[in-house]
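> Chain Z: place on chain W using the hints.
Number of protein chains: 2
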Amino acid sequence: MKYTIKILSHDKELQAQKDDVLADKILEAGIDLSLYCNKRGLCGKCFVEIVEGDLPPLDERESFLLNLRKFEKNFRLACLYKIQSDLALQIPEKSLLKETFVLKSGIPTPITLNPAVKKYYLALKKPELRSPSSLLESLESKLQHQGHFLPLNLLKELPAILEQNHFQVTAVIYDDQEIMALEPGNTLNKNFGLAIDIGTTTVVVELLDLTTGKSLAAQTAMNKQIKYGSDVVSRISASTLEPKNLEGLRHSIRNTLNQMIQKLLREAHASSDHVYEAVVAGNTAMNHFFLGLPVKTLSVAPFSPVFTSLLAQSASDLGLEIHQHGKVYIVPNIKSFVGGDISAGMIALNLDSQKGNFLFIDLGTNGEIVLKKGDEFVATSTAAGPAFEGMNLSCGMLALPGAIYKAQKKNKLAITTINHRPALGVCGTGLIDLLAIFLEEGKISPKGTITVKSKRIPIARTIALTQKDVREMQLAIAAIKSGIKLILKEHGLKVNDLDGIFLAGAFGNYLNILNSMKIGLLPGIDRRKVIFIGNSSLAGARAILLSQAARKKIETLVKKIRHFPLAANPLFQEYFIQALEFKNYSV
Amino acid sequence: MKYTIKILSHDKELQAQKDDVLADKILEAGIDLSLYCNKRGLCGKCFVEIVEGDLPPLDERESFLLNLRKFEKNFRLACLYKIQSDLALQIPEKSLLKETFVLKSGIPTPITLNPAVKKYYLALKKPELRSPSSLLESLESKLQHQGHFLPLNLLKELPAILEQNHFQVTAVIYDDQEIMALEPGNTLNKNFGLAIDIGTTTVVVELLDLTTGKSLAAQTAMNKQIKYGSDVVSRISASTLEPKNLEGLRHSIRNTLNQMIQKLLREAHASSDHVYEAVVAGNTAMNHFFLGLPVKTLSVAPFSPVFTSLLAQSASDLGLEIHQHGKVYIVPNIKSFVGGDISAGMIALNLDSQKGNFLFIDLGTNGEIVLKKGDEFVATSTAAGPAFEGMNLSCGMLALPGAIYKAQKKNKLAITTINHRPALGVCGTGLIDLLAIFLEEGKISPKGTITVKSKRIPIARTIALTQKDVREMQLAIAAIKSGIKLILKEHGLKVNDLDGIFLAGAFGNYLNILNSMKIGLLPGIDRRKVIFIGNSSLAGARAILLSQAARKKIETLVKKIRHFPLAANPLFQEYFIQALEFKNYSV
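Chains as they are written, first to last, in the working numbering: chain W, 36 to 622; chain Z, 36 to 622.
If you're looking for bench data, these hints aren't it; they were derived computationally from the structure.
Errors might be hidden in some of the hints.
The list treats identical chains as interchangeable, and a pair is accepted whether it falls inside one copy or across any two copies.
The calculated lysine-lysine pairs, modelled on PhoX-like cross-linking and capped at a C-alpha distance of 25 Å, are [claimed, not checked]:
1) 47 / 80
2) 74 / 594
3) 594 / 160
4) 160 / 331
5) 587 / 139
6) 478 / 445
7) 390 / 524
Pulled out of the complex, with its shape left as it was, chain W reads as follows:
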């Protein structure tokens, strides 16, 4: 028996057999129906309105969800509905999959909301004398899945939690396998997660609503580890020379994060008990320090990390102040110093789906370059130092309110600060503009010498660029520039073979591409081919927090990426010295 299904809301018509599941037919029609609980009739997100046709009686579960979601009596869950007649139906907007965009600037890469943490509101059956099932059995039978992992102390609280609200409870499930939390009553609207970018210099934490995918608040701060050295290499040395420094490094980043989390929660009026997962993107050294792992193998050739991919860790083991059974997922490392910040960036960019040859450059204290040549991926890292983030410079500062992030030469020097606050210093993107302007004005020579007599170029009030500041920038730029030139040469590519350059960094909100080319940070290429994508490490962490598909993808992708050790290359030193000159290049 064949039936005709009319989907009025989408103006589609299709054929179905008796007993076909309606949800499957809707998917076949190419409509992105939300199947959050994987067709288990648990979440109530796939209600459709039956306008004409068979309207079977509501079962207990469906009826509970219908009331909860406040739908009319002619709505049914598409995942439980077996077709028995011709149908005409409407799919309401809120039964469609939500997409969200994780990159705030650059290219739009939509991701489908499907976080590892899911909440279900359930009305449990009370056990009966005839079949005195256990409380856990009653819970798992509602969850349509047996054999969850469940922390022992949660099991101890189970009877009291169920009693508190007449066996109605919200279950927080991790990766379909673990019951992380049980909350009396309906707490569906409190489901939060954190996207964290641990940079060597800058740390960014963002609080997201896992149900809507929306960002609720964000914080930027300096990594307190800076007291152990401003770059990765000096922190590694500090920890290998004196073992207690490893503990100090772990404490510093943990404290940095916990203070930021507290501020975010206050700002969003949320409780840490409703933050169930944090996704952490950081370079290899940063994630090792955060986990408290010894980094001796990162300090000597062949610079092996302890781990590449890990299963989610326990937040309380790591001292992260979120839910007591909360999880921390560390974005997988690639190889050696090319870490999780870069793999996160590749996810944010959807780099593996872009057709052609691309460079992806992340300008952090540790600078990384990924070359995509056709289907091949090669990655390298280079120690740029913290200059791009405004550190170690007399006039520099992080990209915080009051930082000059943009400068233009009109009649006189025109500067713009973050949040239009009075200028406090210059962040990375501002420094690039200033270098380009002063180079053009001749105040700085191509060799990097300040030609002004005082050897200080004033910028605003007490803020000025010194000779030492220029030298720091010069070294940082040369590290990136020589890396780009060498990786292209060794893979038989010229600048013009590139279909695009993605530039990332946590160093400001805006990057002037032309100025970057003028000072030689970027190769001279059609300007439209260069896209500044901002903090792609944070964006990737966001994607991986919101989408299990993104998580699976990066775990597979990291294994395909080859490592290209710059420092081991015989040409590197020569390329580096050549790159110290501020000048445009295109070969």
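Leaving out everything else, chain Z in the frame of chain W:
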């Protein structure tokens, strides 16, 4: 191309295609080849001798294992061997699956050794500059499996452990999914586990070698919880009336177990660091107390437990002094008070594979009866009290050395004690013999009155049976007898419809079946149909420790068992009162 494979050791001949895997063909021939590592070339347990035919060069892994196992150069791993020619081969005895028998008395039920804990000795590749893989990647690539769970503190120790013995390490893997431990060098011969039976009165712990399946040592002791009451109901009351008693109950059993474990390890000259798993069988209340779970729901109708099945727990969470990342698997409960000791017994007996109608009776402080009627299973429990274990009786004692476990009437009363030590008291099996003898002699009337003037029947030196002792036994026997009669009646069966009765208990080494019938503990049935199987709870724990298949089987089986609540049955009280008389019955 077809090849002929001659298996000389088993006198079999079969045909194979090019590139068929030799291990698969050997299995097809019905030979139980050991495939401990699931054909990953890791364990070296499937070496066969190639007598004639293609002898491919040894790869690195095979060569390492060949040296380790000290085989000749013409041996190859059957799981890695792809057939390229006609072959003649010998399968050595030690490449065949080991079977073991878990029940020490009664019926032989062989199980195949395949524990959840497996050890592999591995020689890791050191990372190279060209591809600086992480240490964890190197390890997982040898294990032929990515994405193991690994405790954070083990990850922290990984670099040091690998360095200690030139990257040669023994990995302890749990359920193919978790790296529990990493030990420098080769520690394959140290792989131990515990089978634990927590009875209300008696606790038995056995140390087993997980590689050979052999029992190394066993200990019996009294459950120290006895100070909170001698039966399940009084302990539950104690813990619900005064919450700190729950903690006390947990401590008592933990201490009982830890002291027993210490003794076992001393006796076997083993270290707790090499004990990776404990399997615990106990009735519902016992496993709840051991886990520290509140038992309020067990104290009121419908007597629901908190859990039925659980994933393995962390031994250190439970305070069990074995390996710091050791696991504790709790044998699943059935329903209400019918707990893991009974499901363990069903596994030990292989009850679901026996054809026909059977009773399985476990005579503990909590007595349980399982009726298998065709393919149906029904279970019930009845409070027998600790008399069968010799407790609460003036002359009673646990089944420990010095306990009278057997008595016969020849010219005069002849008693036998455990280990032939001087008599200290009487254990359960001895009490049954004595009751039958004194009943026959008329020293006790069918109503249970001692007819001897002194109201004391002397047994040995200072040991005598008192009127109170007889009453305790009378109540215990009536609890079982009324349960048996009621469950048979309600399921339309008569005693003669039974194909067998399995009788279990931790109350002695030997049970006189005829005497059990004389006093009415067992129905009068062809004596050969009654099989005493000893401590089947411990035997089941042993099976589940040694065999993952047994574990999967019981998890499925417990869901199929219906509960038959005795006390809720209107006939129960009448049956109980009738059952107080000592007499043979057969209806």
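> Would you mind marking each hint as holding or not holding in the structure?
Tested hints:
In the homo-oligomer, the alpha carbons of residue 47 and residue 80 lie at most 25 Å apart inside one protomer (21 Å), although the nearest pairing across protomers, at 60 Å, exceeds that limit. Within a single copy, residue 74 and residue 594 get their C-alpha atoms only as close as 32 Å, which misses the 25 Å cut-off; across copies the closest is 24 Å, which meets it. Taking the shortest alpha-carbon separations for residue 594 and residue 160, only the inter-copy value of 17 Å comes in at or below 25 Å, while the best intra-copy value is 46 Å. Proximity of residue 160 to residue 331 under the C-alpha cut-off of 25 Å is restricted to the inter-copy arrangement: shortest distance 18 Å between copies versus 55 Å within a copy.
Within a single copy, residue 587 and residue 139 get their C-alpha atoms as close as 23 Å, which meets the 25 Å cut-off; across copies the closest is 49 Å, which misses it. For a Cα distance limit of 25 Å, the shortest separation of residue 478 from residue 445 inside one copy, 16 Å, qualifies, whereas the shortest one across copies, 121 Å, does not. Taking the shortest Cα distances, residue 390 and residue 524 sit within 25 Å of each other inside one copy (21 Å), while across copies they are farther apart (76 Å).
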